[in-house]
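Asker: Top to bottom, those sequences are chains A and B. The first sequence maps to residues 3 to 147 in the working numbering. The second sequence maps to residues -3 to 476 in the working numbering.
Treat the hints as calculated values from the structure; they're not laboratory data. Please note that a few of the clues may not be correct.
Output of the computed footprint for chain B on chain A, the stretches with three or more beta carbons under 8 Å from beta carbons of chain B [claimed, not checked]:
| # | region |
| --- | --- |
| 1 | 25 to 35 |
| 2 | 98 to 107 |
List of simulated lysine-lysine pairs, DSSO-like, C-alpha gap at most 30 Å [what the hints assert, rightly or not]:
| # | chain 1 | residue 1 | chain 2 | residue 2 |
| --- | --- | --- | --- | --- |
| 3 | A | Lys67 | B | Lys163 |
| 4 | A | Lys67 | A | Lys111 |
| 5 | A | Lys67 | B | Lys161 |
Here are a few chain A residues that sit away from chain B, every Cβ distance over 10 Å (derived from the structure) [what the hints assert, rightly or not]:
| # | residue |
| --- | --- |
| 6 | Arg45 |
| 7 | Ile55 |
| 8 | Tyr94 |
| 9 | Asp110 |
| 10 | Lys111 |
| 11 | Ile112 |
Glycine included, each C-beta is placed from N, C-alpha and C at the ideal position.
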Amino acid sequence: VRPSLQDLRQQASIAAKVFVQRDYTTGTICQFQTKFPSELETRIDKQQFEETIRTLNNLYAEAEKLGGRSYLEGCLACVTAYTIFLCMETHYEKVLKKIAKYIQEQNDKIYAPRGLLLTDPIERGLRVVEITIFEDQSNGRIEGR
Amino acid sequence: MLGLGVTEPMRECQYSEISVVASSPMDAEHTKRVPRRRKWETFPGRNKFYCNGRIMMAKQTGVFYLTMVLIVVTSGLFFAFDCPFLATNLTPAIPAIGGVLFVFVMGMLFRASFSDPGVLPRATPDEAAHLERQIGEDVANGPGQGGYRPPPRTREVIINGQTVKLKYCFTCKIFRPPRASHCSLCDNCVERFDHHCPWVGNCVGRRNYRFFYLFILSLSLLTVFIFAFVVTHVILRSSQTGFLSALKDSPASVLEVVVCFFSVWSIVGLSGFHTYLIGSNQTTNEDIKGSWSSKRGKENYNPYSYGSIVANCCAALCGPLPPSLIDRRGFVRPDAARPSPRSNGTSAYVSSQPRTRMCDQDQCIQSTKFVLQAAATPLLHNELITVSGGHSLSGKPSLGGPCASLPAAQHTPPGPVPNATWEAEALVRRDQEKSLFRWRASDEVSSPPSLGHGNPLYDPASQDSLHQDSVRGLVKLSSV
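My request is simple: use the sequences and hints to build the entire structure.
Answerer: Listed below in C-alpha cells is the structure:
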C-alpha cells in the first residue's frame, strides 16, 4: 500500500523543520524570501524550491492587488453594507483557495517523494512557510512513493 | 500514531486487565468522549468572544455599550419626537434619510467592534525555537560588516528606500511585520495597528480600519443631521407657538441638541484627522511618533504611500479585505507525530505545543495535589526521590501530566484545569498508556530517552517515571 500524505505525517518522525521567513523589501504585502535554506540542500533542487516560492509570491500578490476588480468589489460591498459577503467570498479568499490547492499539488508531486512537507502559510498566520523534513527511512516507506 | 505501531495490539490486551484507566488508548475513541474545542476557546490574547467565536471584542467593553446607548437613545428620541413634526411640515424624506444613516452607523459600529482587527497569531513553539537560534547566531557572529550591527531582537529592512526597524515581540515570539504593533490592552500583535479604541471596544487595525473610518464619518453626518433638524424643528415650532412653549412641547429636543453639540466637535474632528491619515497612508501610531514626518530629516518620507491622495484613499477603503489569520471557529487539532521516542539526537524542533497549553496555575494546583498524594504513600515518595532526582517537584511543566490524571483516574475535571485543551488530555493519556505498558512489561524504571536538543519545556524522561510511580501509587492507594 503506497503511503499517503496522511500516513507520512503520522508514521514518519520529524527530523527538523525549516522556516522560510517573510520578505518585507517591497512593503507590507505578503511575500516570502526566496533564499534557499541550507538544510534542504541534500533533499531538493534549488531551482525547484525557488520556483515554488516564486509562484506562491505571485499568488499572494494577486490576492492583494489593487486594481479595477478589487475596487469594484470594495465599493459594491460598501454599498450593500458588507452584507454581500454573506453570499459570496472575497477575492482574497478565492486566491487563498487557489494557493491551498497549489501547495497540495506541490506536496503530492514534488515534496512528499523527497520526504518533505510544505505547510500552507495561512496555517501559520502568513508568517512563515514551514517545511517539515522527515527522517530518511531506509525501509523505503517514504521513498516508496 | 507515534511510531509505537507494533506494540499497540499488545497494549490493548493489557488494558483490558488494568481497571485503573477505563478509557481506551485510541485517540479516535477519545475524540468521541471529549468535545472538540474551537480555537477561540484557547486563544492566548485578552479578548472576549461571543456567539461561539463569531464575535471578537476587547476585554473592557463598558464604553462600547455607552456609545451604543448614546447613539440609539439620541436617534430614538429624534425619530419619536422630532420626525413626526418634520415629516408633516417639511418632507418625509427627513426621517427616511435619518433612518438610512442610523442603520449605516450601527452597521459600521458593529462591524468595527466585532471583527478581528488583524491579529497576528503567536508563533508555534517550533518557530519560536528556530527564531531564538537565529538570533543567537546573529549575536555570535558579532559586528563584522562595517562595524555597525543592529541590536539583537531587531532586524532592519529596506522598504522602498527607507530603512525600517522590525522589532521582536517577546509575547508573541515573532518579529513584527512593518506597521504592526502589540496592543497591551488586548495582548495581541495587530497588523497595521492604528490605535485601541475604547468607544468601539476593540483595536483598530488592518481589517477593521475602513469600518471604523466609515463609522466615524457616518456618525458625524448623523450627528450634524440630527442637530440641524432638531434646531429646525424648534425654530419652526417657536414661530408657531413661541419659544418656551415649543421647548415644553418637545422636551427631548433639548437633550438631543446637548448631546449632538458636544459630540459634533470630537467626532467631526476625529473624522477630519482620520481623513488626513488615510490620504497620507499613515497610522495614528506613526503620526503621533512622527515616523515619516519631514522634520526628522530631508530624506524621510512615507514608504507605504501610493503617491496620490486618491490612490491612498482607494487603497484604504476599497482595497481587498484580508481574511482573519486566527481562524477563531476552527477546531483545535491534535499535533500529529510528536515527539519521536527514538533517541536519534536530531529531533531539533519537536513540538511541545499541547504541553505548553497547560497554564502555570494548573501546574501549581496539580503539583500541590501531587505532593499531598505523594506524602500519603511513603513508599511512593521514596521512589520519587530516587527516580526523579533533578526533575522533582519544582513546579515545572513535567508535573502537569501525572497530576492531571490523579484526581480522577480517567477524566481530567474541567474545573481546576480551565485552559487544558483536549490535546493535553490526550497527551496525558498517551503518556499514561506508555507508562502502564512499561510497568507491565518490565517492572523497572526506564532510562530516559535522550533527545538531542532537549526541549526545555518538556522532558519525557521525568514524565514517564513520574507517571509510573503515580500509577503505582494509585494502585496502592486503591488497595488500602
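Asker: All hints, please: hold or fail.
Answerer: Now the hints, each set against the structure:
1. 25 to 35: With 5 residues in contact (Cβ-Cβ under 8 Å with chain B), the coverage given for the region 25 to 35 of chain A holds.
2. 98 to 107: violated (count 1)
3. Lys67/A with Lys163/B: holds, 27 Å
4. Lys67/A with Lys111/A: holds, 29 Å
5. Lys67/A with Lys161/B: The given pair, whose Cα atoms are some 25 Å apart, holds under the 30 Å limit.
6. Arg45: holds, 14 Å
7. Ile55: The assertion about Ile55/A holds, with a minimum of 17 Å to chain B.
8. Tyr94: Non-interface label on Tyr94/A violated, nearest chain B Cβ at 5 Å vs cutoff 10 Å.
9. Asp110: Consistent with the label, Asp110/A stays out of reach of chain B, its closest Cβ about 18 Å off (over 10 Å).
10. Lys111: holds, 22 Å
11. Ile112: At roughly 21 Å from the nearest Cβ of chain B, Ile112/A sits farther out than 10 Å, so the non-interface label holds.
The structure fails hints 2 and 8 (numbered hints given earlier, in ascending order).
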